[in-house]
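Peer 1: Listed below are the residues making up each chain.
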Amino acid sequence: DIQMTQSPSSLSASVGDRVTITCRASQSVSSYLNWYQQKPGIAPKLLIYAASSLQSGVPSRFSGSGSGTDFTLTISILQPEDFATYYCQQIYTTRYSFGQGTKLEI
Amino acid sequence: QVQLVQSGAEVKKPGASVKVSCKASGYSFISYDINWVRQATGQGLEWMGWMNPNSGNTAYAQKFQGRVTITRNTSISTAYMELTSLRSEDTAVYYCARVIRGSSDYWGQGTLVTVSS
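Respectively, the protein sequence lines represent chains C and Z.
Under our numbering, the first residue of the first sequence is numbered 2, with each subsequent residue one higher.
Under our numbering, the first residue of the second sequence is numbered -16, with each subsequent residue one higher.
Hints listed in this document are in silico derivations from the structure and should not be mistaken for laboratory results.
Worth double-checking, as some hints may not be accurate.
Said to hold, decoys possible - Restricting the straight-line Cα-Cα distance to at most 30 Å, the calculated cross-link-like pairs of lysine-lysine (DSSO-like) are: (1) Z/-5 - C/46; (2) Z/6 - C/46; (3) Z/-5 - Z/6.
To be verified - Some chain Z residues close to chain C (C-beta under 8 Å, calculated; not the full set): (4) 23; (5) 27; (6) 28; (7) 33; (8) 45; (9) 65; (10) 86; (11) 87.
Note that the structure is a prediction, hence the values are computed from the model and not measured.
Backbone N, C-alpha and C fix where the C-beta goes; we use that ideal spot for every residue, glycine too.
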C-alpha cells in the first residue's frame, strides 16, 4: 500500500494566521489526493479533492496544491472553526490510504 | 437529502466477529461506491476497504485481508462490513462513507465497536 506522511503532526497557530500542511506520498499518486477535516467526535468532512478542487460548500480560504508525491493544504486566514485535525488521503490505487493527521491547535 | 445511517454500538469478546450495517438514503445506492474507515480512540483514520454496490466488487487494505468482508443488499440500500477474529486493537469507531470520484463526500455517524473480555 502507498504510505502517506504528513508534516507537521501538530501545529499551533492563531486566528488570522496563514497555515500550510504538507503531505508526501511514498510513490507518485498523480493528483489523486484528498484532504479532510475532522473535529472531535464527528465524522470527517471532505475539503479538497483531486489535489486542488474545492468541495462544494467549503470556504475559499482553504486551498490545495501539488502533484506526484508532494502536496500542501493551505488555510489563508485561520478562523476559530478551523481548529481541527486534517488528513490527506491518496486514491491513486484502489487501496486508498490516509496520512497520520495534523492537529491544528490554538 | 443524502444520509448514511449505521447500526448501533457493539461489544464483542476477543475472537468473535462483528457486522456493522450502513443504510443509504436520498440517492441511488448502486450509483456510488462505499468506503469503510475506522478510527481508534485518539488515533488517525484508517482505510479498511471499498465496495462497488452495483457489481459487488471489493478491495481491502493489506492489513485486513482475510479478516474483513464488505457486502451489500441492494434491495434495502444497505452495505455491511464484517470483521472477524476480533482483538482488543480492533476497538474503534467504524465509519461508512459514500464515494464520488474516489472521495468520501457523505459519511455515516460512526459505530463504536469495543472488543473486551
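Peer 1: All the hints need checking, so say for each whether the structure fits it.
Peer 2: These are the hints, each one checked on the structure:
For the given pair, residue -5 of chain Z sits about 29 Å from residue 46 of chain C by alpha-carbon distance, which is consistent with the 30 Å threshold. Of the pairs offered as hints, the one joining residue 6 of chain Z and residue 46 of chain C holds, with about 19 Å between alpha carbons and a cut-off of 30 Å not exceeded. Between residue -5 of chain Z and residue 6 of chain Z the CA atoms are separated by roughly 22 Å; this keeps the pair inside 30 Å, and the hint holds. The criterion of a C-beta within 8 Å of any C-beta in chain C is not met by residue 23 of chain Z, whose closest approach is roughly 12 Å, and the hint is violated.
A hinted interface residue such as residue 27 of chain Z counts as satisfied when its beta carbon comes closer than 8 Å to some beta carbon of chain C; here the least separation is about 4 Å, so the hint holds. With 8 Å as the threshold, the beta carbon of residue 28 of chain Z comes within range of chain C, its nearest partner Cβ sitting at about 5 Å, so the hint holds. Contact between residue 33 of chain Z and chain C, as hinted, is supported at the beta carbon level, the nearest pair being about 6 Å apart and thus within 8 Å. Among the interface hints, the one on residue 45 of chain Z holds; its C-beta lies about 5 Å from the nearest C-beta in chain C, closer than the 8 Å criterion.
At a threshold of 8 Å, the smallest CB-CB gap from residue 65 of chain Z to chain C is about 19 Å, leaving the interface hint violated. Interface restraint check: residue 86 of chain Z against chain C, minimum CB-CB distance 4 Å, threshold 8 Å, status holds. For residue 87 of chain Z, the suggested interface contact is upheld, since its CB lies about 6 Å from the closest CB of chain C, less than 8 Å.
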